Amino acid sequence: MAAATIIDVEGQPDHAKPVGDDERLYRRILPGWYQPGKTKKIPQKAFMPRVWKSEERRGDFDGISIDRAALTTIDAASTMPNSGKKAHLCEFGAKDVRRLNLTVQPKPLPSNPAHSVIPELNSLDHRDAAKERIMEEQAIALRDIAILVYEAQ
Amino acid sequence: MSAVQLEEGIIRDDTIRSVSVGGTPADALVSSVRPDVKHWQHAIDEMLRWKSCPGQFGVDDQPEEAVLDTAIDYAVDQIEDAQGYPAPSSIIPSGSGRIAMEWNDGSFTVIIEFVALGRAIYTRFNHGKVEERRELNRNPKSRKLEMRG
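Going down the list, the sequences are from chains A and B. Per our numbering, the very first residue in the first sequence carries number 1; after that it's consecutive. Per our numbering, the very first residue in the second sequence carries number 1001; after that it's consecutive.
Hint data in this document are derived by calculation from the structure and do not stem from the laboratory. Careful: at least some of the hints might be erroneous.
What the hints assert, rightly or not - FRET-style restraints, in silico, Cβ to Cβ:
no. : chain 1 : residue 1 : chain 2 : residue 2 : range
1   : A       : G37       : B       : D1081     : 15 to 25 Å
2   : B       : L1117     : A       : A130      : 25 to 35 Å
3   : A       : D75       : B       : Q1056     : 16 to 26 Å
Claimed, not checked - Sample of chain A residues lacking proximity to chain B, with all beta carbon distances greater than 10 Å (derived):
no. : residue
4   : Q44
5   : T103
6   : E136
7   : A141
All figures in this text were calculated on a predicted structure; none of them were measured in a lab. Just so it is clear, CB atoms sit at the ideal spot from N, CA and C, and this is done for glycine as well.
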């Protein structure tokens, strides 16, 4: 796979620079139960935002989290930040995301400079039936283009 | 009444049944020789593990106990019923305390997301488009999850 290009914006650190079309992105998938003997298909819900439950539990209100592959490793990206346990990891291209009328926004964290979000897939729009339907379909499309790159044991 | 052929069985869109078994071990309920029963059993075992070992997921993703109970009840019902539905392709915590079961067959994807005690959302996709989306609620008389509307 060709090395991804981080768009060079003068004076900005890499993690704050816009995401290039040829960048690869990672998304963690919680380990769950998969029927043995079947091809492991990435669940659609892996690309849906956590829902808004209350002011204290706002879900993914600013979009679902992803990591920029150029700024992290599979090992780091597949590790759940709170528990340190491993999750499955899938990969897809920034260009593919944009083809679905979605965007990728860098949102670096002190503990994870690679952190970014897809802001259109968020818990606020999840409360609107029409927008939710669009998100559901975008999530199906995303899972269809995503490739599993790491399988947690 | 429409029906969708899915995997080796049928996911019907009329009634999604559920029973309350009050902690009865899943193994003791097996009375069918349907080949996918063992998959349902494994899925139930996994969900029981999520219930007995909370903390393996982050606080935002840990399934709520009431949601787990509803999903387990639903799974047990599929084992008990000779016409029960095939085991799903996957079951994952879908965040905010929820659990999602997903079936895939050709262009079809069916998802039942368990969202609260006795409540779930059924969504059927065909070629990536939402074809049907309905809420399932436990009928207090039949104690089954049934579609509304």
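Hint check results:
1. At roughly 23 Å, the beta carbons of G37 of chain A and D1081 of chain B sit within the given window of 15 to 25 Å.
2. With their beta carbons about 28 Å apart, L1117 of chain B and A130 of chain A fall inside the hinted range of 25 to 35 Å.
3. Here the CB-CB span from D75 of chain A to Q1056 of chain B is close to 19 Å, well matched to the stated 16 to 26 Å.
4. For Q44 of chain A, the non-interface assignment is contradicted: its Cβ lies about 6 Å from the closest Cβ of chain B, within the 10 Å cut-off.
5. Here T103 of chain A stays apart from chain B, with its beta-carbon at least about 20 Å from theirs, past the 10 Å limit.
6. Non-interface status of E136 of chain A relative to chain B is broken: a Cβ of that chain comes within 10 Å, the nearest being about 6 Å off.
7. Residue-level check failed: A141 of chain A sits 6 Å from the nearest beta carbon of chain B, not beyond 10 Å.
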